[in-house]
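My request is simple: use the sequences and hints to build the entire structure.
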Amino acid sequence: MDREEVKKRLRDFIVTELLNNPKYQVSDDQPLITGGMIDSFSLAQVGVFVEDAFGIYIPDTDLTVKKMDTLNMMTDEILGRAG
Amino acid sequence: MPIISWQFGLFVVVVLAVYYLLPRKAQNIWLLTASVGYIATWNTFSVVVLMVTILVNYAAGLRIWQSSRKNPKWLWFGIAVNLAALFFFRIESSGYLEKMIRGILHITDTANAFELRILLPVGFSYYCLQAISYLVDVSHQQCEPEKDLAQFSLYMAYFPRLISGPIERARSFLPVIASNRIVDNEAVSRGFTRIIIGLIRKVVLAGILSGYIAKDLFSAPGNYSSFDLIFQMFLYAFWVYNDFAGYTSIVRGVSDLFGISLSANFDTPYFAHSFTDFWNRWHISLSHWLRDYIFYPFSRFLLRKKINPRSVLYLALPPLITMMVSGLWHNFGAFMLCWGMLHGLFQAAEKLMGRGKPAIKWEDRSLYKRLGTILLVFTGVVFTWVPFASGSLSRVAGYFRAVFTSHAPVQITTLYLIPLYAVAVNIALDWIQYHSKDELVFRRWPIFIQSALLAAALLAILVSFLGSQSALTNFVYQGF
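Residue numbers (numbering that gives the first Met the number 0), protein chains in the order written: chain A, 0 to 82; chain B, 0 to 479.
The hints are simulated quantities; they were obtained by calculation from the structure and are not laboratory data.
Note that CB positions come from ideal geometry on N, CA and C, so glycine has one too.
Treat the hints with care, since some could be wrong.
Derived lysine-lysine pairs resembling DSS-like cross-links, with alpha carbons at most 30 Å apart [claimed, not checked]: (1) 305/B to 22/A; (2) 304/B to 66/A; (3) 7/A to 356/B; (4) 66/A to 436/B; (5) 360/B to 305/B; (6) 66/A to 356/B; (7) 360/B to 436/B; (8) 6/A to 66/A; (9) 98/B to 214/B; (10) 7/A to 65/A; (11) 304/B to 7/A; (12) 368/B to 356/B.
Residues from chain A that face chain B, not an exhaustive set, calculated with beta carbons under 7 Å [to be verified]: (13) 18; (14) 19; (15) 35; (16) 59.
Set out below in structure tokens:
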């Protein structure tokens, strides 16, 4: 799985579906949860999006600020589970 | 043995003195012995319940690991046993069972009444949730089952967190128990700072505030003016916060002295910018447990069923159910269900109002909007404390009726300045922690300021402790 491709699909999903602003520029290390942009409602959506888009299950206990606060962290989590 | 007592202080000193002399394996056995001894100081019934719970969950964990993931019968068995016990103790300690049996047997003579009620075993509702999360995580292969019975027992019974949490996860706590602990100057400094902050919150701030909240606020609200009723609820909000945050800070500090870090339970909750944010700052170990084991599974279930994430169903049902469970976990009363529903509805309402609107970074909002949002959320939270504090729905109704109809004279006096000072100190303390994003920021201040603060803190704690000792021994959340 290509890192940039994973990040691009995640970014598109986040700005369109979660932030409701397709033109918004999300940087790779921008804190999304601690920055008040997304919350647990959105993280549940990210979890199901990752299942559908990449066939990877992120357990509920890993949908946390420690593991999913930025685009880079989310990408690491997906790639780490892809093996 | 209450946490705020000289006996507990002496107990910790003795346990620590022996602990430091022992190798790691013996340290665990010693901590377990001390934990069982500690719970025995409350009552032996609690020891028996704890032992049985440990054995059942230890065996269930091993069974779950051995059985196929496709046949999680042992997981459901373990969850069912824990929930059934929690349900029974909740019903029983609330007095419902006694009432029911009295009704069935037509016993109306209270003079010859028999006593059926037993207390909720100490800490049960907290370590019961730890057990459930352990079983689920083992089933999902998030962690391996603990084969060492002593280590598993310590995970469940560790005395600093036994009475009222924090609720720890096996995944992070078991490795700490299994590894060598380092108690260096840094850990000791961290521990004592937490203990001092905890004592300031519990003994000084909560101690002062509790003296200004009328005992009959809910039983005779008509005695108070609308202003007094509302003002005292604001005081209650700061009291309950300092009471529980104080307890957590003390036990985390004590645990630091053993080289074992406990999870944070509070993060300046009254600076929350939404109700969802509030629950990431208040009783964090419980709210994250509820999020991981109820909110997420239910939300993801709805999404997998292709429920529109912007629909009322998706935005309202998961928070409502999660918060109602939270309410019932606190107490099996309609008033706590009402408290949970209010929090669930507030979360749903803010999501529904923001539906489809572009998200804006918190820092990009104007100062007025940020302050206004924080005040609005805080006021909403104070509103929800009414059912939490009242003890029954009829009292909630009586309180709000009095707020709108009371003709009692306003009792405001200069005496109200004292709790307001306590509130101001609370806000200042929280602001410093919030602004620095470090609850122990004081340790980075110049040494002469630290010394002055420490002297003032110790004096305030001593004066408060001597002045109102009887009101300080129990914690609100101890009752849950």
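Flag every earlier hint the structure violates by its number, smallest first.
Hint check: nothing fails, all pass.
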